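Use these hints to put chain V onto chain B, whose structure you have.
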Amino acid sequence: MTPARKKRLALILLMVVGVAVGVGFALKSLDENIMFFFTPTEVMAGKAPKNKLFRMGGMVVDGSVSRPGDGLTVQFDLTDNEKQVTVRYAGILPDLFREGQGIIANGKLDDKGDFIAQEVLAKHDENYMPPELAGMHKSEDAQAEDPY
Amino acid sequence: MVPEIGHFALIIALCIAFVQALVPLAGTSLGVQRWVATAVPAALAQLLFVGISYGCLTWAFLSHDFSVLYVAQNSNSELPLIYRISGVWGSHEGSLLLWALVLALWTGAVAVFTPNVPRGMRARVLAVLGLVSCGFLLFIILTSNPFERLLPAATQGRDLNPLLQDIGLAIHPPMLYLGYVGFAVAFAFSIAALISGQVDSAWARWSRPWTNVAWLFLTLGIALGSWWAYYELGWGGWWFWDPVENASFMPWLIGTALMHSLAITEKRGTFKAWTALLAIFAFALSLLGTFLVRSGVLTSVHAFASDPERGVFILGFLVLVVGGSLTLYAWRAPLLKSAAQTQLLSRDGALLLNNIFLAVVTSAILLGTLYPIAIDAMGGKISVGPPYFNLMFILLTAPLGVLMGIGMIVRWKSDSVARLKSKLWLPALLALTAAALLTWLLPVWYWAAFGGLAMAVWIAITVVLAIHERMRNRSLLSALRSTPAGFYGMLLGHLGIAVFIVGVTLTSLYNKEKDLRMAPGDTYSVAGYEFTFHGVRQFDIDNYVATRGGFSVRAEDGDFRVDLFPEKRIYRVQTMPMTEAAIDAGLTRDLFIALGEPLGEGGAWAVRIYYKPFVRWIWLGAIIMSIGGLFAASDRRYRRLARSPSRATDAVEQSR
Chain B
1 MTPARKKRLA LILLMVVGVA VGVGFALKSL DENIMFFFTP TEVMAGKAPK
51 NKLFRMGGMV VDGSVSRPGD GLTVQFDLTD NEKQVTVRYA GILPDLFREG
101 QGIIANGKLD DKGDFIAQEV LAKHDENYMP PELAGMHKSE DAQAEDPY
Chain V
1001 MVPEIGHFAL IIALCIAFVQ ALVPLAGTSL GVQRWVATAV PAALAQLLFV
1051 GISYGCLTWA FLSHDFSVLY VAQNSNSELP LIYRISGVWG SHEGSLLLWA
1101 LVLALWTGAV AVFTPNVPRG MRARVLAVLG LVSCGFLLFI ILTSNPFERL
1151 LPAATQGRDL NPLLQDIGLA IHPPMLYLGY VGFAVAFAFS IAALISGQVD
1201 SAWARWSRPW TNVAWLFLTL GIALGSWWAY YELGWGGWWF WDPVENASFM
1251 PWLIGTALMH SLAITEKRGT FKAWTALLAI FAFALSLLGT FLVRSGVLTS
1301 VHAFASDPER GVFILGFLVL VVGGSLTLYA WRAPLLKSAA QTQLLSRDGA
1351 LLLNNIFLAV VTSAILLGTL YPIAIDAMGG KISVGPPYFN LMFILLTAPL
1401 GVLMGIGMIV RWKSDSVARL KSKLWLPALL ALTAAALLTW LLPVWYWAAF
1451 GGLAMAVWIA ITVVLAIHER MRNRSLLSAL RSTPAGFYGM LLGHLGIAVF
1501 IVGVTLTSLY NKEKDLRMAP GDTYSVAGYE FTFHGVRQFD IDNYVATRGG
1551 FSVRAEDGDF RVDLFPEKRI YRVQTMPMTE AAIDAGLTRD LFIALGEPLG
1601 EGGAWAVRIY YKPFVRWIWL GAIIMSIGGL FAASDRRYRR LARSPSRATD
1651 AVEQSR
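In order, the protein sequences belong to chains B and V.
Numbering of the first sequence is given in this note's numbering, commencing with residue 1 and proceeding in unit increments.
Numbering of the second sequence is given in this note's numbering, commencing with residue 1001 and proceeding in unit increments.
Bear in mind the hints are in silico, worked out from the structure with no lab data behind them.
Possibly wrong hints are sitting among the right ones.
In silico DSS-like pairs for lysine-lysine, Cα to Cα no more than 27 Å straight-line [claimed, not checked]:
1) V:1413 with V:1267
2) B:6 with B:47
3) B:83 with V:1267
4) V:1413 with B:108
5) V:1421 with B:6
6) V:1381 with B:112
Some chain V residues flagged as far from chain B (calculated, every beta-carbon gap over 12 Å) [what the hints assert, rightly or not]:
7) 1115
8) 1201
9) 1330
10) 1336
11) 1361
12) 1388
13) 1390
14) 1395
15) 1415
16) 1429
17) 1537
All figures in this text were calculated on a predicted structure; none of them were measured in a lab.
Every residue gets a Cβ at the ideal spot worked out from N, C-alpha and C, and that includes glycine.
So that you can see chain B by itself, here it is in the shape it has in the complex (with noise of 0.2 Å):
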């Protein structure tokens, strides 16, 4: 081989190489960044992971919002029309929550099976349903309010 050539094969590995394990990182880095959305039947069917985050996403039950305490710890129901699960959250709660809203939440379970919640995300948009939650509720689509 010319040295031209050697040097353009050196070249060449050296970019396959880098590729590689460029590929294998980023792939290795996502696994472990995903975190799966499930709905409260399949959190009370036990399908989600114990002690690793997930999101779950729901509407907030009506009349369900407390604050156990005095801190800032609230405490509300998620359901998706079938089953409920409790959320409790230390922090503040962003604009659009309130009851009967769809929100998702980042977080894992406890002993007791509530979920314990790092973050909670209500869109900003009155009109606006997660596309996670778009196929669960069909019935209220429907009444959706018409402003004028």
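This is chain V only, laid out in the frame that chain B set:
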């Protein structure tokens, strides 16, 4: 009547766009000069009619014409004037019209400001822009007509989304679109060059200023969006790796790669195929961004309007544009053999590595952004968290920072290790020492802080070194006069990165966050500041009611004192609550207070207090970068006549 004129003007604009796309293209390939000459007037006429259409929609907003569905959905008679103007792009239909207007503006600018580009080339570029415009105008007319009437007319509008009633977000979309859509020009130059087969240094020189200007707007647009999210969403974060943020960031990264790759292609005539490909991808990613935002396939705070049917149209358009371009590319790429060889140890090589890293980091972000969609299609539901993006981004951009310093010093074509070593050992040592010293001065030693600061100092020192190299053996005056603006643009761009790195590093490592329960009279201490809460009061303002909290902040040492008034607003029409944080901004730190919700009796509130050191540097860095972009675009060699720059014109320019 006015809305109908707007609609009609839009249809005329579409017809003109068809002419602009097809006639010049046919003219250049058949050699009919009269057809080629239609490109410029068609581009200007299209701008006129899109402008009329846009003006009509604005008029409908200004005159509270609630018989127009879009206005009824996004305005209100109490809405302040500025938000009636910005409300035009407050939702899907109008923001697409803005897209079309921005594209028409860029097209008009290409028609007017390219006297140095040969007529045939200009006609092809305008034709390609015309094709893109056809796609978007069709999209608006077929799926998203902003002029649709509402009969009977509404007596009152539903008001603009309160989140958008903010000056930062009022100007964020136009800036972002100027950037996004600006890459259409680089794309059009690339496609035109591929069609004609003329992919060379001259082509790169024509594309460069356009790419620079698009890039600087995109930089500002992203920075504005980040700044807005910081103070308006009330979370105090400045970047969330939200899919839509990624959608704007990916074109930025590829656009950055494109700027550098254009530099090599212009200077050395190499990497032509790669440069053409980057231009295609930068625009393709802009389209992908539009698709992601507008189709609602992603869970995102930005997915305001979502409609699968529209998504299918944009996806089809995206496939057509990317597929068509890549086919053309595959057909023409064999022509694009470079004459010169590239040495790895040269500025060419450094720029090549820069391109590789930028392309890889873009791929990593693309993977994380699209992975949930792919899984969703297979029936699973997942999301990819910020830790993935942070890790990938930092890992892949850290080498870029090191490279940036070397790249400014290394010579074109080829260089020697010995020369580089002799130049760079001292800056490297200085950077490490300075970073160690600075980190030691900080409250806690973090290795990450040391790394970030070392990178920033390293870039700053090599910027100075690059100036020094330039000045050598010359008087200051002659050096200043002979140095092209592009050089200063490069330095400023890199300096902006250094400032940005300082901001990101210090903010993410040393910020303090507290979510608290505070009753009136309570005092809490965060990061050397005492925050005292004095209770809340109600205020009635324009179209909302504000609950305003009173806080006084005092530095524990020194006599700094400031009063802050965070608000909780309820917008009357949409009855939507909004958190309006109060921020005391400073060059070295921000103090940030947001009100949560009232907690029980006694006037206690949930309160969020942040101490954010150096957070302003993040946006300051972006501003410096975009000023760099402005310098680079204003380089006078782009204004010289093309092909055979006569010595006479040069002499005239020099003597000015």
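Structure-based check of each hint:
1. V:1413 with V:1267: 10 Å, holds
2. B:6 with B:47: Violated, at about 55 Å.
3. B:83 with V:1267: 66 Å, violated
4. V:1413 with B:108: Answer violated: residue 1413 (chain V) to residue 108 (chain B) is near 56 Å, above 27 Å.
5. V:1421 with B:6: 25 Å, holds
6. V:1381 with B:112: 25 Å, holds
7. 1115: Holds: least Cβ distance 42 Å, greater than 12 Å.
8. 1201: Answer for residue 1201 (chain V): holds, closest chain B Cβ roughly 24 Å.
9. 1330: 21 Å, holds
10. 1336: The claim holds: residue 1336 (chain V) sits with its nearest Cβ about 18 Å from chain B, beyond 12 Å.
11. 1361: 10 Å, violated
12. 1388: Violated, because the least Cβ-Cβ distance between residue 1388 (chain V) and chain B comes to about 4 Å, which does not exceed 12 Å.
13. 1390: 9 Å, violated
14. 1395: 7 Å, violated
15. 1415: 16 Å, holds
16. 1429: 28 Å, holds
17. 1537: Holds, because the least Cβ-Cβ distance between residue 1537 (chain V) and chain B comes to about 20 Å, which exceeds 12 Å.
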